[in-house]
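So the chains spell out like this:
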Amino acid sequence: MNDKKIIENNLYNWCIKLFPICRSITGLGTKKTLSFFEKINPKLTRIKFKSGQKVFDWVVPYEWNINNAYIQHSSKKKFCEFKNNNLHVVNYSEPVNSNITKENLLKKIYTYKKNKKAIPYVTSYYKKDWGFCMSENTKKKLPNGKYKVVIDSSFKKGTLDISHALIKGMQKKEIFFSSYVCHPSMANNELSGPVVLNGLLKYIENNYPKTNFSYRFALVPETIGSIAYLSRFFRTMKKNTLFGFNLSCLGDSKAYSIIRNLNQNCLSFKILNTVLRYKKNLKIYDFSERGSDERQYCSPNVNLPICGFSRSKFGEYPEYHTSLDNLNLISNKSLKESLQVLALIVDFVELSMFPKLQTFCEPNLSKRNMYPTLSSYNTKSADLKLRKDLLAYCDGNRSIFEVIDILTKNKKIDLYKIYDELKFLIQKKLIK
Amino acid sequence: MNDKKIIENNLYNWCIKLFPICRSITGLGTKKTLSFFEKINPKLTRIKFKSGQKVFDWVVPYEWNINNAYIQHSSKKKFCEFKNNNLHVVNYSEPVNSNITKENLLKKIYTYKKNKKAIPYVTSYYKKDWGFCMSENTKKKLPNGKYKVVIDSSFKKGTLDISHALIKGMQKKEIFFSSYVCHPSMANNELSGPVVLNGLLKYIENNYPKTNFSYRFALVPETIGSIAYLSRFFRTMKKNTLFGFNLSCLGDSKAYSIIRNLNQNCLSFKILNTVLRYKKNLKIYDFSERGSDERQYCSPNVNLPICGFSRSKFGEYPEYHTSLDNLNLISNKSLKESLQVLALIVDFVELSMFPKLQTFCEPNLSKRNMYPTLSSYNTKSADLKLRKDLLAYCDGNRSIFEVIDILTKNKKIDLYKIYDELKFLIQKKLIK
Amino acid sequence: MNDKKIIENNLYNWCIKLFPICRSITGLGTKKTLSFFEKINPKLTRIKFKSGQKVFDWVVPYEWNINNAYIQHSSKKKFCEFKNNNLHVVNYSEPVNSNITKENLLKKIYTYKKNKKAIPYVTSYYKKDWGFCMSENTKKKLPNGKYKVVIDSSFKKGTLDISHALIKGMQKKEIFFSSYVCHPSMANNELSGPVVLNGLLKYIENNYPKTNFSYRFALVPETIGSIAYLSRFFRTMKKNTLFGFNLSCLGDSKAYSIIRNLNQNCLSFKILNTVLRYKKNLKIYDFSERGSDERQYCSPNVNLPICGFSRSKFGEYPEYHTSLDNLNLISNKSLKESLQVLALIVDFVELSMFPKLQTFCEPNLSKRNMYPTLSSYNTKSADLKLRKDLLAYCDGNRSIFEVIDILTKNKKIDLYKIYDELKFLIQKKLIK
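Chains as they are written, first to last, in my numbering: chain A, 77 to 508; chain B, 77 to 508; chain C, 77 to 508.
Rather than coming from a laboratory, the hints here were simulated on the basis of the structure.
The model shown is predicted, which means the values in this text are computed figures rather than measured ones.
Treat the hints with care, since some could be wrong.
Where chains are identical, the list cannot tell them apart; a pair therefore holds if satisfied intra-copy or between any two copies.
Within a straight-line C-alpha distance of at most 30 angstroms, the following computed DSSO-like cross-link-like pairs (lysine-lysine) qualify [stated by the list, open to error]:
no.	residue 1	residue 2
1	K126	K203
2	K203	K432
3	K215	K183
4	K215	K152
5	K485	K346
6	K346	K432
7	K488	K346
8	K232	K493
9	K130	K508
10	K461	K193
11	K204	K464
Sequences are here, hints too, so could you generate the full structure?
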């Protein structure tokens with residue numbers, strides 16, 4: 077691209093800092109995480125929903141916090157120490173402090189059979205319960221005898237917190253990005269989504285002092301958070317959302333994935349498919365494979381034009397929802413690649429979402445020195461072809477992404493090259 | 077299915093009773109057949125069109141009746157005795173009683189070359205003529221000599237009779253079923269269609285004291301009957317018909333067939349295709365393969381959303397339109413299977429034609445004890461998936477059959493299981 | 077076809093007469109060519125655009141004329157004599173008369189590397205320049221020494237000329253045919269297009285004293301001519317054009333080609349595809365392969381329902397834009413075949429563009445003696461099937477070409493047979 081854009085390079089560092097925090101759908105860990113992002117992007121503001129508040133068919137739960145947890149054998153040996161790994165405790169466990177037989181303890185322990193070294197990630201948000209998670213290997217070696225179980229957690233009337241930002245553009249039409257901040261110490265699912273979202277917010281703030289379109293960003297606890305968010309902003313979002321993406325699992329390098337919604341003509345899918353077309357290992361999933369907040373954004377009575385964007389999709393990589401989804405699974409390179417996909421979409425949207433030729437019939441390129449003056453058999457370079465095709469396809473009705481689709485149907489063209497040529501034609505006032 | 081529905085079991089017995097009757101487009105045989113069905117389904121009422129009455133481009137013909145017919149050789153040996161098989165006489169033959177040379181007789185005899193044992197079915201409704209049908213084998217053995225031909229038939233000013241029923245539901249929108257009652261002693265084509273139609277009418281009467289949709293049933297002589305019926309009810313049917321089927325050849329077991337009309341998006345086709353998708357040997361025919369009353373219901377200026385439903389389609393099985401299309405060709409099992417296809421369609425239509433989720437965003441299943449409370453890696457059973465998918469796809473715009481199409485696009489799901497789950501979700505007030 | 081239509085047989089002779097003329101986008105050669113066609117078709121009238129006149133983004137250039145041109149070696153030997161072949165001079169060359177070194181001469185000479193015997197066709201309309209074209213073989217043999225170059229050409233304020241005709245039918249809806257008259261001595265590209273266009277105009281004049289639809293014909297210099305034409309007639313054409321074709325390269329026998337526009341449902345494409353379906357070597361090109369005046373007619377803000385019709389498409393045959401594109405490349409047989417394709421389209425359009433059945437339900441064919449009166453197993457001839465299908469598919473909404481598409485989807489039917497049967501049904505007042 078000719079114009080040098082500033083792109084965030086600290087994505088992985090943010091992950092390092094955020095990884096140890098024990099997040100959940102409510103509580104201090106989540107609030108701390110949101111504060112961290114609010115410092116990076118001061119545009120983000122906090123929204124709070126009180127425990128007990130009704131949000132559509134749901135009720136905001138009590139705020140959950142946890143200080144410590146462990147299992148202690150009568151020999152004093154400790155297992156499942158929360159301080160070593162917050163996945164050891166079933167998320168949203170009620171407090172417990174009691175002695176227990178090994179037999180009864182085993183009923184409260186969850187392991188992951190497919191990988192005996194991994195601690196699984198388990199939650200119990202909507203029924204009071206408690207439990208511990210450990211590797212199958214450790215479980216097998218638990219000594220016989222008496223145990224003590226301690227979970228120093230608490231429930232209180234508090235708040236469910238969301239951070240969001242709305243960059244108001246010249247147009248009310250919005251582009252929406254959402255990710256979730258309720259997962260404890262796992263990296264790809266889900267620090268990568270919030271981190272890329274914040275990288276994109278910074279990208280727009282740094283490179284577009286005044287945007288043409290509006291951009292909405294939401295960092296929510298999954299499910300209950302997106303439901304709460306919709307309960308407040310649904311009307312506006314329904315009226316204004318042009319397209320948008322739910323961001324999840326954007327830190328690994330094995331694939332690019334799109335989770336479609338049921339609307340076969342959805343602009344979100346078309347756009348993402350257009351810019352990802354050349355990626356190796358592009359995977360397109362049906363809405364039947366949904367799993368993240370696209371479940372809410374695309375539910376029948378909400379039906380926003382949102383689709384899911386992932387690298388290896390949640391549920392499709394072996395480390396998913398276990399302690400193996402750690403900082404080794406993701407890289408700054410992959411996070412940045414994911415960010416660049418979204419940044420390129422924003423760049424095209426801001427350049428011209430519905431580009432339109434400004435002349436009747438073809439423009440006279442010769443008089444503008446934009447065409448070889450001597451028509452002969454060797455004037456068919458790829459560059460000239462790209463120029464002529466943009467002038468032939470930009471009719472003001474097709475989105476730039478549809479134009480790119482036509483351009484690249486039968487041959488590969490670098491998308492940055494298309495960006496540069498379109499920008500040039502706009503500067504020449506041939507396209508607007 | 078959880079709720080036990082009553083399904084008619086006498087379909088084959090009805091065929092046995094009706095088989096010997098000599099039906100035609102008018103006359104006592106057809107009236108007797110209609111009376112038989114009117115006893116089974118008192119909802120059926122008679123409509124009469126007088127001979128000479130104009131119906132669109134056609135005129136109702138004189139009523140034809142026949143007492144007896146045969147060919148007699150000078151040796152007194154008789155051939156083509158009407159009393160043995162009513163197919164022996166060309167249907168609608170004018171009366172004749174005369175001596176004839178063998179040479180001239182042969183010109184009035186029709187056989188079926190493809191199967192030399194079969195008596196073909198031949199008609200001459202719209203030109204006064206007479207003739208006899210016999211097997212090719214018999215024809216070859218006709219002795220030389222003089223013959224007498226006797227056809228004791230008559231034409232009179234009378235009526236063309238139709239039986240029809242309209243079950244008025246809460247909604248005026250109608251679902252239409254039609255079959256025809258003009259064929260003499262043949263079983264699959266066509267006692268199976270009228271018999272399954274009457275089985276369905278009984279099914280609805282027995283199981284739905286008050287229906288949501290309206291249901292229209294017509295038993296007509298083919299072509300002239302459906303034209304006459306349309307001449308009276310076209311306006312209402314055009315306004316109200318949601319979808320419908322022309323029923324023909326529903327008694328054998330070799331295939332399931334759909335005859336499409338030219339409207340590629342026709343609801344009738346979509347519905348039938350959805351419920352027949354898993355049947356072995358499902359055959360889908362173009363409208364160019366039409367042949368029964370879909371010719372009238374789907375003709376250009378009528379254009380009702382009707383398609384044809386058959387097992388082995390007319391013209392596609394070797395016994396078609398011959399004496400071999402007899403009671404051995406059909407079975408109660410097959411007739412009942414055909415009825416069950418239509419009954420299942422009615423069941424879904426009555427349960428919810430356009431099911432709609434009743435919450436914004438996903439409903440909270442946990443609080444209703446409809447979801448495993450402990451979210452972990454093993455909560456993805458097929459049953460739970462079906463529940464979540466129904467809640468995700470029922471938007472009030474898609475018909476239940478479109479929802480089923482999406483559900484079953486990539487995997488086989490028992491349709492009765494879908495019915496039960498949808499019913500459960502309706503009972504739980506999550507879908508309406 | 078039953079009705080004998082008069083079809084022009086002099087197409088190749090016209091080419092012979094027109095071949096030697098040196099045409100360009102303006103000038104006497106083009107005017108002479110237009111006069112030639114205006115004599116054949118007096119309906120054609122001249123439109124003139126003055127040099128300097130603005131037409132959309134373009135300006136009509138000065139009128140260019142040329143008397144003579146050559147290169148002369150100091151030995152007096154001449155090369156690139158205009159009188160031998162007008163392709164020797166770069167079209168629109170400014171006048172020159174000067175001595176020149178061989179080194180500098182070579183910079184002004186164009187050859188065609190792919191075929192060393194061919195003189196290429198080169199133009200320089202929009203930048204003042206001059207040059208010569210010769211075969212690579214001749215160029216290699218140019219003797220050393222001094223040269224004189226003479227181009228006796230001139231620019232003057234004059235006109236850009238177009239011939240057009242509008243046959244006014246009962247309906248304002250127009251069918252449009254365009255071809256171009258700016259190419260010097262080349263045969264397929266482009267005498268074949270104008271010649272076939274004039275053959276078609278004569279065909280309509282000879283066979284249809286009063287047409288139902290209106291027909292517009294334009295003979296223009298390529299690009300600037302079609303732009304000028306649109307600058308005058310765009311509003312009318314936008315309102316009235318039903319479909320149309322840009323005609324180019326219609327004289328060879330190796331293929332039939334369609335150049336699509338970007339509208340996937342364009343009637344022009346559908347019609348041409350319908351009538352060419354059975355042709356061997358039918359090639360369908362994307363709009364990205366455009367190159368002739370479809371570039372203007374289908375440009376974003378013009379967007380007329382036009383597509384390109386060629387035999388071997390421009391750029392796709394080795395002789396293209398060289399002296400090898402001569403009278404040997406084309407034949408009267410091929411020109412006439414191309415004309416017949418267009419004539420058949422006109423015939424169907426004039427017979428019934430949107431044929432509609434005139435009865436409710438099927439018509440009674442028996443009473444009109446249009447159907448075998450004895451319904452039996454042998455009444456399914458292909459002819460009867462065609463009759464019944466036309467009656468079943470002509471609903472007044474489908475164009476006759478869509479009807480043909482349905483008829484011929486699965487089986488080959490002679491299009492003239494369909495024409496005859498449709499005409500018969502119209503005569504019988506069953507279709508209108």
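Here is how each hint holds up against the structure:
no.	hint	verdict
1	K126 - K203	within (19 angstroms within a copy, 74 angstroms between copies)
2	K203 - K432	between (56 angstroms within a copy, 28 angstroms between copies)
3	K215 - K183	within (11 angstroms within a copy, 86 angstroms between copies)
4	K215 - K152	within (17 angstroms within a copy, 100 angstroms between copies)
5	K485 - K346	both (13 angstroms within a copy, 21 angstroms between copies)
6	K346 - K432	both (19 angstroms within a copy, 27 angstroms between copies)
7	K488 - K346	both (17 angstroms within a copy, 29 angstroms between copies)
8	K232 - K493	neither (56 angstroms within a copy, 42 angstroms between copies)
9	K130 - K508	between (47 angstroms within a copy, 22 angstroms between copies)
10	K461 - K193	between (56 angstroms within a copy, 29 angstroms between copies)
11	K204 - K464	between (65 angstroms within a copy, 23 angstroms between copies)
The structure fails to meet hint 8 from the earlier list, while all remaining hints are met.
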